[in-house]
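First to last, the sequence lines map onto chains W and G.
Numbering (this note's numbering) for the first sequence: 1 to 292.
Numbering (this note's numbering) for the second sequence: 1001 to 1200.
Calculated from the structure, these hints are not laboratory results.
Keep in mind it's a predicted model, so treat the numbers as computed, not measured.
Take these hints with a grain of salt, some might be off.
Unchecked claim - Just so you have them, the derived chain W footprint on chain G, three or more residues with Cβ under 8 Å:
1. 1056-1070
2. 1097-1105
3. 1148-1155
Just so you know, even glycine gets a beta-carbon here, dropped at the ideal spot from N, CA and C.
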Amino acid sequence: MNLKVIEDTAVQLLKLAVTVLPEDVKNALEKAYKKEESEAAKTQLEAILKNIKLAEKTSTPICQDTGIIIFYVKVGADFKGFNKIEECLIRATRRATKEVPLRPNAVNPFTGENSGDNTGRFIPYIEWEITSGENLEITVLPKGGGSENMCALAMLTPGEGLNGLKRFVVDTVIKAGAKPCPPVILGIGVGGSSDIALKLAKKAILRPLDEPNPDPTLRELEKKLIEAVNMTGIGAMGVGGKITALGVHIEYAYRHVASYPVGLAFQCWAARRASARIYADGSVEYLTHKVR
Amino acid sequence: MTTYKLKTPISEEEIRKLVIGDTIYISGEIYTARDQAHKRALEYYRKGIKLPVNLENGAIYHCGPLVKKVGGKWEVVSAGPTTSTRMEPIEADFIEIFKVRVVIGKGGMGSKTTEAMKRFGAIYAAFTGGAGALAAKSIKRIKGVEWLDLGMPEAMWILEVEDFGPLTVAIDSHGRNLHENIIKKAQENKSKILDWLGIR
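Start from the sequences, fold in the hints, and give me the full structure.
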């Protein structure tokens, strides 16, 4: 495998992610604008739609907060160049910071020193998944700070269970108010352990908005929860309106018999993500964006 | 809901006319200030050091812009607002000491800031969060930068803007707070929502 292909693809993914929203997100925002009745919220959604078009046309970042960089990597066990992937993604992050550009957001938590290139200890963060075959699939999630700061974990008791989960979601959304830049996508991770619940929650926000949950029971629960969240009346950017969430996505793992962890991840309306698959012959297929 | 066009510096009289829900567009000079710039400005004040800019009757912007240098000159790439509540603990002092008239940000601010705005004649104006490209369009140029040692997002950028907006007046100088009103309503709706979800 030509390592340059991995690096160049990752740079391209970072650029696509921060400048062009995936179709499903754009469609959901347009639908929200049509459905919204509150004048104030409509003004906000109109600015959002204008902003998306402008960013795409001028190839500039949709939001100045281009996030902390997270890569989800699915790598085939027979992929050649396995041990070089991390290095390529770090190099790509540095290059994208200059070339796109991205805002340098990675800071030492103790000294406050900004690395200037969006890299640092464990950053960009890479979530590895080993699959069979010889392909490599990269998804980038540039995660903005505003919505990230609203993420929450509840270690419920099994007795509280599903009702506790519903209450936790409604409470947390109201508490977050305008801060996570609604309309949001909510990722809910249930089960596993504290860290697993949050990881699943974050992964859940990556699911396209037009892709239903394969589990019919969870699909129903997602429907119920999005309605509940929209009943709060928080609306776009918290100015009051009927669309507070574009989607509610649930992921789960089996839990410990004595625990009921629920992770809740907020994704702002600027739900930026981009994926590509690199084949063994070095050809690249972009999965979320049209690339000429 | 009325629309106003304002130019910095802005008088107290102009500010007192505005009520929550109004839309404003600002032209003139505005200054970015996030956590670190707020902290440093207040430190300077306590030590008796003059600020590099005059904030009196001015507008500050909770924003950490994405900028780049082109041919030795700074250019704005994307510059939407950041979450304002992080500045809540110190914004009231900031308004009192530096006599700022307009605080621009996103997500709303709390009761301490609302109280200070009522007392000293200032407003909080919300810009659409995440609309960084749109904001950059109405920033005509970067007139300068102070405190760049704080890093690109935290430095104080001096921006020349033209019809910067639409900004929604979300806290007025009469003690009204739009975002808090919405949250209060949401809390009132909560028992209804929980009932609907089948939770007693």
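Hints, one by one, checked against the model:
1. 1056-1070: Holds, because 5 residues of the segment 1056-1070 of chain G bring their Cβ atoms closer than 8 Å to Cβ atoms of chain W.
2. 1097-1105: violated (count 0)
3. 1148-1155: holds (count 3)
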